[in-house]
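Chains as they are written, first to last, in our numbering: chain A, 1 to 99; chain B, 100 to 384; chain C, 385 to 907; chain D, 908 to 1539.
These are computed hints drawn from the structure, not numbers from a lab.
Values in this document were obtained by computation on a predicted structure and should not be read as measured data.
Even glycine gets a Cβ: it sits at the ideal position worked out from N, Cα and C.
Among the hints, erroneous ones may be present.
To be verified - Lysine-lysine pairs mimicking DSS-like chemistry, simulated, CA-CA at most 25 angstroms apart: (1) 1069/D / 845/C; (2) 775/C / 1069/D; (3) 198/B / 1509/D; (4) 900/C / 1120/D; (5) 1272/D / 1069/D; (6) 900/C / 680/C; (7) 1120/D / 897/C; (8) 1352/D / 1278/D; (9) 295/B / 281/B; (10) 1509/D / 194/B.
To be verified - Here are a few chain A residues that face chain B, going by a calculated C-beta distance under 7 angstroms: (11) 4; (12) 18; (13) 29; (14) 47.
Claimed, not checked - Distance windows between CB atoms, simulated: (15) 568/C / 1509/D: 24 to 30 angstroms; (16) 124/B / 614/C: 58 to 64 angstroms; (17) 1474/D / 441/C: 47 to 53 angstroms; (18) 1505/D / 124/B: 41 to 47 angstroms.
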Amino acid sequence: MSPVNYLYLAALLFAIGATGVLIRRNAIVVFMCIELMLNACNLTLVAFSRMHGNLDGQIIAFFTMVVAAAEVVVGLAIIVSLFRSRHSASVDDASLMKL
Amino acid sequence: MNTLAAYATSTGEAFQFWILGTVAVIGALCTVFMKRAVHSALCLAGTMIILAVFYLANGAYFLGIVQIVVYTGAIMMLFLFVVMLVGVTAADSLKETIKGQRWLAALCGLGFAVLLFAGIGNASLSEFNGLAQANSAGNVEGLAALIFTKYVFAFEITGALLITATVGAMVLTHRERTERAKTQRELSEQRVREGKHLPPLPAPGVYARHNAVDIAGLLPDGTPSELTVSRTLRERGQIRDVSGDALNDLKALEQRSEERLGRGGAVTSREKSSGGSAEQKEAAK
Amino acid sequence: MSFPLLTATAAVPAIGAIVTAAVPAARRTAAKWLALFFSLVTLVLAVLIGVRFAPGGDRYQLTESHSWIADFGVRYELGVDGIGVALIGLTALLIPFVLLAGWHDADPQETGSKRWRPTQGFFALILMVEAMVILSFEATDVFLFYILFEAMLIPMYFLIGGFGDRAHAGSDEKAAAQRSYAAVKFLLYNLVGGLIMLAAVIGLYVVAGNFSLQEIAAARASGELQMATSTERWLFLGFFFAFAVKAPLWPLHTWLPNAMGEATAPVAVLITAVVDKVGTFAMLRFCLQLFPEASKWATPAILVLALISIVYGALLAVGQRDIKRLVAYASISHFGFIIMGIFAMTSQGQSGATLYMVNHGVSTAALMLVAGFLISRRGSRLIADYGGVQKVAPVLAGTFLVGSLATLSLPGLAPFVSEFLVLVGTFARYPAIGIIATFGIVLAALYSLVLYQRTMTGPVKPEVSAMPDLKVRELVVVAPLIALLIFLGVYPKPVTDLVNPAVGHTLSDVHEKDPKPEVEAAK
Amino acid sequence: MENLIALLVAAPLLGAAVLLCGGRRLDRTGHWIGTLLAVASFAVGVLLFTDMLGKDAEHRALHQALFSWIPVEGFQADVAFQLDQLSMTFVLLITGVGSLIHIYSIGYMEHDERRRRFFGYLNLFLAAMLLLVIADNYLLLYVGWEGVGLASYLLIGFWQHKPSAATAAKKAFLVNRVGDMGLSIAIMLMFTTFGTFAFGPVLESVGDTGEGKLTAIGLMLLLAACGKSAQVPLQSWLGDAMEGPTPVSALIHAATMVTAGVYLITRSGAIFNAAPDAQLAVVIVGAVTLIFGAIVGCAKDDIKKALAGSTMSQIGYMILAAGLGPIGYAFAIMHLVTHGFFKAGLFLGAGSVMHGMNDEVDMRKYGGLRKYMPVTFVTFGLGYLAIIGFPGLSGFWSKDKIIEAAFAYDDGIRGWIFGGVALLGAGITAFYMTRVMIMTFFGEKRWQPDESGNEPHPHESPKSMTIPMIVLAFGSVFAGGLFSLNESFVKWLEPVTQFEHPHPVISVPAITASTVVVLLLGAGLAYLMYGRKPVPVTAPRGSLLTRAARRDLLQDDFNHVVLVRGGEHLTRSLVYVDHTVVDGVVNGTAAGFGGLSGRLRKLQNGFARSYAVSMFGGTAILIAATLLMRAV
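With the rest of the complex left out, here is chain A (with noise of 0.2 angstroms):
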């Protein structure tokens, strides 16, 4: 089996968590959708790391990860605040942008 699967395979794992953070209302788990299409970059990466067969697509994970990380800090802080405020996680709930 050629490595190039596990590039499809972060294709579709992307799709989907794209898919999911366009249909799910719940902030949270538009989040973890987006978490999902983090890793999915992160397994891409990992896998061209190993056909070039040098480290630099690993370190691009791992800062990856670390931005994931600190997004999913800030992310979540505010959707605490959110819920503080308006006692709901809906993403439609703030549509203030609206006309």
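With chain A's structure known, arrange chains B, C and D on it following the hints.
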């Protein structure tokens, strides 16, 4: 292990890929489609662990571990905490409110997947040299060498980013207490002033069988009183109403007494019991 | 480099606008007098230009040139030829009358407007328009001209939309709605034209590499700047479209009746007598000079459109029930004559067209301002609401009659000279078009006299029975205009001497010569 | 001497300016100023005339150049005057008759509070008319041409409070404008053909161009003449023009302005001589109008309209004569002058009658007036005899010559036709003028008190009115004979208009005799119809022809149906089109954009997720695009 990852993929890895890959995809799908956030979280965790395995299989040992420890261990737990905060049982209906949103989303997702596949398919990825010499000094050392030389600035900046994120999270979630916390006396005085419910709140309903904080105590007339349940649960709407159960228990009691008294009435009693059980089911719902 | 006369002439009204606008709200009268003073100073400077300008001399005189946007070769380049001098004179001459005629149009108690300092705004805006128009007559840099061409829309927009005609049929809300409709229509039409012109300007820059009219024209003449035929035609169309909207040429004319109908009479005069002239002037200066071949290529089509404008405008004027709209359609017909004269490509035609710009400015001003006085007395724009005014206000009626006669270009009054020149010039090259255009003079007589008959003659309507005759201020406005009409009708030589050399240059730009009379040709 | 020429125009022009701008303070003296300046102009004319008589025939023409008017490359129009015998004749006629009518108006307009303005207009007319006849180029002539149009517009509509007057004035100006169109086109043709439009150069270089061009020019000039001289088909305005005060009708619509067309054709004789087709058209127009006017004159009961019809027909004579070329020009002018005398006299007489009859114009309400206003009767009678061409009086000399010339058109059928028409016209003239005479002055009185109950008291008019009538009566009696003494008038004009003796198809005495016979027949017929039995006060229904004639032979109805109605519909529909189509296209585009943006607005629903979808979709499309680019 090391050797396995270094060269062309072995049949073992292929086997592992197809099994775990399927599971990962299923997990991802569940993450998206589960009604309750908790379930989604769990499925995601599963997918991540599988990904960790794949990392290992790809010779990214460090990342694999980090994936398990940081992601599955820390981040997902964070998620779970928040889910708890928001309410475990709070299930958001999957009914779409925005017209055509779901179809558009599905279309986009599908199309994107197709695109990615097409892209990967087109890309010429025939050559494939493992991480043998890259990992020769050991994966962690290799990474460390890179991080502290080539990517040192990025590394530092990421550190800064993390700090900022932490501070930001605190700022966002932390509520500044503007005035001194009220003493119990003051609180009671305030209650008197406002003239509402002077005595301490009644305890949650405690029965022989049910003994939980999320059950409203019954008022003398049999109706449950919201006051008896803690505010958080009330806000989440997680009050279990067992006012029906009492009646069912009553019925059950009668039935049993009948069984004991009327020997011949087995049939009727059975019918009754069945009816009772039916009622019980209804009440449970 | 002597005293920058041209800049000064444009700067004085601009400064005047700022000063007028800065006058405290309470001191309304002071603002009016200030504005009048500045406009008179401008007039003096304009006369000075006329004196300093030597008709026989170079094509562009009193030139000034400073680098402005060096990266794009945009320069602040001014210079006037005879045509420019004549039109600057016209503008500087008319503005004081416009200000005097609009003396009370912007008084809060009159308009009842809650706007902040309406009077100061009104007078300042008019002066601002004057400044821009004068500068656009002087600009010899295409880009500079374009900027002014567009910028003058802004004050005009506020003048039309902000200070509407109070003599309105419907309620105040209806009036306001129609006024803003007219203003927006004016703005949109001219903006569209301007945008297309902007594209053409950029295109010109791409082709020519700079914006200087004189350099480009020289390069064209010497042949070192060749344009592909299609390029030249597209650029020409881009410029011409903008000017045709401004002029306005059928079928781009519909904004004018709305604008002139809704605006106060002085503003209407400002539109048709001053601002629209920029369009026809630009046709002469830019279209013909920059794109001679394309101009010749487009001539037949343009002449037909002009012809349609003449007849169509006159016919619609006959059909109007609203005095100001009638004058507006008459103006459309007259602009048809002007454009026809420009593109007849004969010296009579073009001299006539230039003369026509001046005369039409004066005659329309006379007629429109008197009509404005009439309307302000009765409070209605409908012809049907008048009758027998001649009996109660003979002087008003007399001046109105003279204005109407000027509009139908009666010999002895200024417009006749120019109209006949245009007709002859066109006839010399395109007999058929010339003959059809001659029908215009009959229609002109029709709408002018019908207007006069319905408003001034007949039994006195009760509503007008108490109508006062012209006041001193109004006489001061009208009398000089009428005198000028008669003078230019009897002795147009000063203007023609000014214009002829410039026209000669323009004709040589398009490599055209007057057709020889048959007899001489035979010999 | 030639520097005086400008004075001819300047004097009345000054008067007009002073009187019109002078304001009310001149109300009491205005009419004197006006009259004085008219007379002054006449004096200058006489002075120039005597001076002219002093020179020999060939060198009588004077020329004065004032200043260059419109100097544009190749197009040189000057303000310059030329005074030759032809112009001189007109100058004397205009200023002479004009002065008389000024004097007459002093009395006639006595009770009108706007008398000052009236005299201002009269002076304006004199100035324009003089400019017309002494201009040395067609463009300047055009100025005078429209100037008199303006003056006539102002004077016809002088009583503006009467809608009928205002309408008549407008109509006159419009119809004239059609004629003016012809003139301006003619001028343009001259400019493109000869490069100039001054009389001298144009008429000299006629030979250098083709007949086609000349015919075109000639026809355009004819159109102009038709407009100004009320010839078919542009005659409809003259009848309505009688709405104006009677002195105006006498001066402008009888003696001078309406004859401008004859002047134009005579002046342009060289062109017409070289364009026989144009000449034929002129003759036909003249002949038709001659009969047309006469028929109309027969049917009208309004004394002024009857006279207007006669004017039309008399000018028809002149135009016909002018169309005959060198054999006719002189006689055309001669008839013009004599007609100026007797027709002005007749109108003044009519005015005097109306003056005494509370401005009653219906002849059926007159009758037997000879007892009440003898002077008017005598002068009117002399004018009457003159116009019907009673042997010995002015009309006889001039009209008879024209008839001869008409018979001499060619020695074929046309000669007979035109001659016959002219002859017939003489008969009808006698008929309708006799009718007027009888209905007005003979028979028993037919006037009753009008609705307001005051009965008219016919009385003779004041001196200021009778004197001009007497003078004109002298003119109408003796002028013709004077002119015909050894053809003095013809000789006087010959240098300008050339002259050939006509050779009619039948002998001259025969023509003269038949003329006399015809006019006796006409007069007798009229006597039988109106003199023998009393005239009904209300007009009888009359024959079809009569009824048609009463309505100007349905000319106005034709105009109304074809031009006015059609025009109204055209303009109305055009206004509609302009509003809906031309404007609609623009507004429609605007509305379209509005609607589109309204639709698009709905996409902005404020839900982050739908925005995300569009972002994601957009990205997908971008990637697809890049990939495809790669692929190809």
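query: Is residue 1120/D close enough to residue 897/C, meaning Cα to Cα at most 25 angstroms?
result: holds (23 angstroms)
- prompt: Quick one: are residue 1474/D and residue 441/C within 47 to 53 angstroms, going by C-beta?
  reply: Given about 51 angstroms between the Cβ atoms, the range holds.
- request: Verify the proposed pairing of residue 900/C with residue 680/C, using a straight-line Cα cut of 25 angstroms.
  value: Satisfied, since the Cα-Cα distance of roughly 19 angstroms is no more than 25 angstroms.
query: Holds or violated: residue 1069/D with residue 845/C, Cα cutoff 25 angstroms?
result: holds (13 angstroms)
When the least beta-carbon distance from residue 47/A to chain B is tested against 7 angstroms, hint result: Hint on residue 47/A: holds, closest Cβ of chain B at ~6 angstroms, below 7 angstroms.
query: Does the Cβ distance between residue 124/B and residue 614/C fall inside 58 to 64 angstroms?
result: Check passed, 60 angstroms falls within 58 to 64 angstroms.
- prompt: Holds or violated: residue 775/C with residue 1069/D, Cα cutoff 25 angstroms?
  reply: holds (11 angstroms)
- prompt: Do the Cβ positions of residue 1505/D and residue 124/B conform to the proposed distance bound of 41 to 47 angstroms?
  reply: holds (43 angstroms)
message: Given residue 29/A as an interface hint, is its Cβ closer than 7 angstroms to any Cβ of chain B?
response: For residue 29/A, the interface hint holds, since the closest Cβ of chain B sits about 5 angstroms away, which is under 7 angstroms.
Interface hint outcome for residue 4/A [beta carbon to chain B under 7 angstroms]: At about 5 angstroms, which falls below the 7 angstroms cut-off, the nearest Cβ of chain B leaves the hint on residue 4/A intact, so it holds.
task: Mind checking the alpha carbons of residue 900/C and residue 1120/D for me, to see if they're no more than 25 angstroms apart?
output: Holds - the C-alpha atoms of residue 1120/D and residue 900/C are around 16 angstroms apart, at most 25 angstroms.
25 angstroms Cα cutoff - pair residue 1352/D, residue 1278/D: holds (10 angstroms)
When the structure is compared with the earlier hints, no violation turns up for any of them.
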